[in-house]
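Which chain is which? The protein sequence lines are A and B, in order. Numbered by the numbering used here, the letters in the first sequence go through residues 57 to 350 in order. Numbered by the numbering used here, the letters in the second sequence go through residues 221 to 607 in order.
Hints were generated in silico from the structure; no laboratory data involved.
Not everything, but these chain A residues come out facing chain B in the computed CB check (under 8 angstroms):
#	residue
1	PRO132
2	GLU154
3	GLY155
4	LYS163
5	MET165
6	ALA167
7	ARG208
8	SER209
9	GLY292
Glycine residues also receive a C-beta, built at the ideal position from the N, C-alpha and C atoms.
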Amino acid sequence: MSIFLNERSKVIVQGITGREGLYHANRMRAYGTALVGGVTPGKGGQTVEGFAVFDGVGEARAKTGANVSVIFVPPPFAADAILEAADAGVDLVICITEGIPVHDMLKVMAAVPSTTRVIGPNCPGIVTPGVALAGIMPGHVFSNGRVGLISRSGTLTYEIVDQLTRAGIGQSTCVGIGGDPIIGTVFVDCLVAFEKDDATEAVVLVGEIGGTDEEDAAQLVAEKKFTKPLVTFIGGRSAPKGKRMGHAGAIITGSMGTPESKVAAFQKIGAPVADSPADIPGLVARVMKQPAKV
Amino acid sequence: MRLLEYQGKELFARAGIPAPKGKVAASVEEAVAIMRANPAPSVVKAQVLIGGRGKAGGIKFCSDDRDVVEPAKAILGMRIANAQDPTGEVVKRVWIEQRMDIAKELYLSITVDRASKRPIIMASAMGGMDVEEVAEKHPEAIAKYRVDPSVGYWPFIGRRLAREANLPKEVTNEFASIVGKLYALFFDVGALLVEINPLAVTKDGKLVASDSKVDLDDNAMFRHQELAAWKPDVERDPLKERAIAAGLGENNYVQLDGDVGIIGNGAGLVMGTLDAVKAAGGQPANFLDIGGGAKADVMREAVNIVTSNPKVRSLFINIFGGITRGDEVAKGLVEALEGGGWDRRKLVIRLTGTNEKEGREVLRANNIEAVETMNEGAKHAVAIAQK
Numbered sequence: 057m058s059i060f061l062n063e064r065s066k067v068i069v070q071g072i073t074g075r076e077g078l079y080h081a082n083r084m085r086a087y088g089t090a091l092v093g094g095v096t097p098g099k100g101g102q103t104v105e106g107f108a109v110f111d112g113v114g115e116a117r118a119k120t121g122a123n124v125s126v127i128f129v130p131p132p133f134a135a136d137a138i139l140e141a142a143d144a145g146v147d148l149v150i151c152i153t154e155g156i157p158v159h160d161m162l163k164v165m166a167a168v169p170s171t172t173r174v175i176g177p178n179c180p181g182i183v184t185p186g187v188a189l190a191g192i193m194p195g196h197v198f199s200n201g202r203v204g205l206i207s208r209s210g211t212l213t214y215e216i217v218d219q220l221t222r223a224g225i226g227q228s229t230c231v232g233i234g235g236d237p238i239i240g241t242v243f244v245d246c247l248v249a250f251e252k253d254d255a256t257e258a259v260v261l262v263g264e265i266g267g268t269d270e271e272d273a274a275q276l277v278a279e280k281k282f283t284k285p286l287v288t289f290i291g292g293r294s295a296p297k298g299k300r301m302g303h304a305g306a307i308i309t310g311s312m313g314t315p316e317s318k319v320a321a322f323q324k325i326g327a328p329v330a331d332s333p334a335d336i337p338g339l340v341a342r343v344m345k346q347p348a349k350v
Numbered sequence: 221m222r223l224l225e226y227q228g229k230e231l232f233a234r235a236g237i238p239a240p241k242g243k244v245a246a247s248v249e250e251a252v253a254i255m256r257a258n259p260a261p262s263v264v265k266a267q268v269l270i271g272g273r274g275k276a277g278g279i280k281f282c283s284d285d286r287d288v289v290e291p292a293k294a295i296l297g298m299r300i301a302n303a304q305d306p307t308g309e310v311v312k313r314v315w316i317e318q319r320m321d322i323a324k325e326l327y328l329s330i331t332v333d334r335a336s337k338r339p340i341i342m343a344s345a346m347g348g349m350d351v352e353e354v355a356e357k358h359p360e361a362i363a364k365y366r367v368d369p370s371v372g373y374w375p376f377i378g379r380r381l382a383r384e385a386n387l388p389k390e391v392t393n394e395f396a397s398i399v400g401k402l403y404a405l406f407f408d409v410g411a412l413l414v415e416i417n418p419l420a421v422t423k424d425g426k427l428v429a430s431d432s433k434v435d436l437d438d439n440a441m442f443r444h445q446e447l448a449a450w451k452p453d454v455e456r457d458p459l460k461e462r463a464i465a466a467g468l469g470e471n472n473y474v475q476l477d478g479d480v481g482i483i484g485n486g487a488g489l490v491m492g493t494l495d496a497v498k499a500a501g502g503q504p505a506n507f508l509d510i511g512g513g514a515k516a517d518v519m520r521e522a523v524n525i526v527t528s529n530p531k532v533r534s535l536f537i538n539i540f541g542g543i544t545r546g547d548e549v550a551k552g553l554v555e556a557l558e559g560g561g562w563d564r565r566k567l568v569i570r571l572t573g574t575n576e577k578e579g580r581e582v583l584r585a586n587n588i589e590a591v592e593t594m595n596e597g598a599k600h601a602v603a604i605a606q607k
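Starting from the given sequences, assemble the full structure and let the hints guide the process.
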């Protein structure tokens, strides 16, 4: 199995007639994803490059049985698109769009029911290797296996997956949760799902400076709600201090959010912290007690 | 988009939040005219975005049109810097406001809480000082309330915060009213942060916003055309200005001290690249994230920006394409090199992911060979810089 995205996932693209939407719809289909159509309000009834276009998510869902939507619509309309997908009862909404007003996301997350999982916005999406790709990740770097990966960064995820694959370590599911201040799915949600997933033996968590998602993940392990081996990396440990939004953003959490705090939180629960992405495959092999082709 | 104090106070005035009356001056003559029209005990305050202006001498007192001359002369044109930003900022304007008789200084802010996905209101009786220090040393002194945005603000929230933060009892109701006005403003302008520090309690028991800090969401500016025109004209790093002019965000270019120029796509990967260059024994000259889906013109300008820093001795471009396409990056790089000004022997490029084959073909046609991995590229770039 996998988490969030599997053999039963039927995917539509909201914004399929746009340049990015169509480009990535083609790439998802080429990867083997069950891409059953797309939505662009006002352009329903057309077929673009073999994809059926619908006016609304509800209609697309009724006609295709879609249960996953990937959103590529421009920032001013993206919150509307997420709410429409949730309203239509889509199980999994992946919002790729970068630049959505933070206040829009405050309202969206207050309104989306718990039966709809939102990933992102400003995220690269999710891949269950060999099964489906929903988002913008380059499919060729992934390989099927038993390591889950969760990350706040897009391109750094590709980097680390590439290194895992080169070392012969395949992945169960890889989730890019996104880098915006308000996102639908955080590390803790993913760890809880990976804990229940028989196909996942260990997890790589790729964090970043700022926020407390990493500290919260460490807390989950301390509470024994995630018990599988965990390998971590914190991006930006050499980044200069002071790149942050005003004072209030930092004072919510006091001294948390610094790289030191995140590294200490993981060390305390016994999860190795890699110094460089290149060290991750070796650490994963060690916690899984299997040799890697490093 | 951070606003200057006087701009934030203009927003406060519109929202009905009491603040001292004042006027802005860009020259000593204007300062004199302001004081002549309204001679009264006043404060002359440097209008800068950088922190620490008080310690740097950017706040002075005066009472009429004669004794405003010295403070205005001293502050206008001075450079204010701090440990985080040693280049600092030159003062172009001062805000001259009525002086208050202050009995006590409180703290109030509203921002976005990532963990709860809600707006968070924070209040403290320890105002007027560095809040971060308060948060670290006396976390119990800051009261917090996470508001359900679908319910909105109700006055009990302000009263509860006042009680939990030990604010003076006699200002509780007025405080709850000001929090409500600040909450409305937070949503009206699409702010990431609205902060009043200090929120002064005057000797006659009134609450007054002595300072303002407002950070607006750049992504929401399309809804606030009027505010978009308020962008403070602050003198900044010219290379950062060029990055912004190229369509990149406020934080996509950051100048550092080293000699290895760095360009990458995605903040995480660029941070990882800085880590890799440091691990290889080198020092990054900058952080430059060309963002997602960058086209050739952005890449071309990125190369021009980084290589116009005279300290740069080698350039490491690290691209892992997702939404960014390798052929676009390669085209932009080739265009920049054709424009001259950078020796391709001092260039290391790692190009993989979406359209990497097409990208490598463009590079090869121009005699540029891409390396395979980030660590290999970092080592190579550091070696060139140290030659």
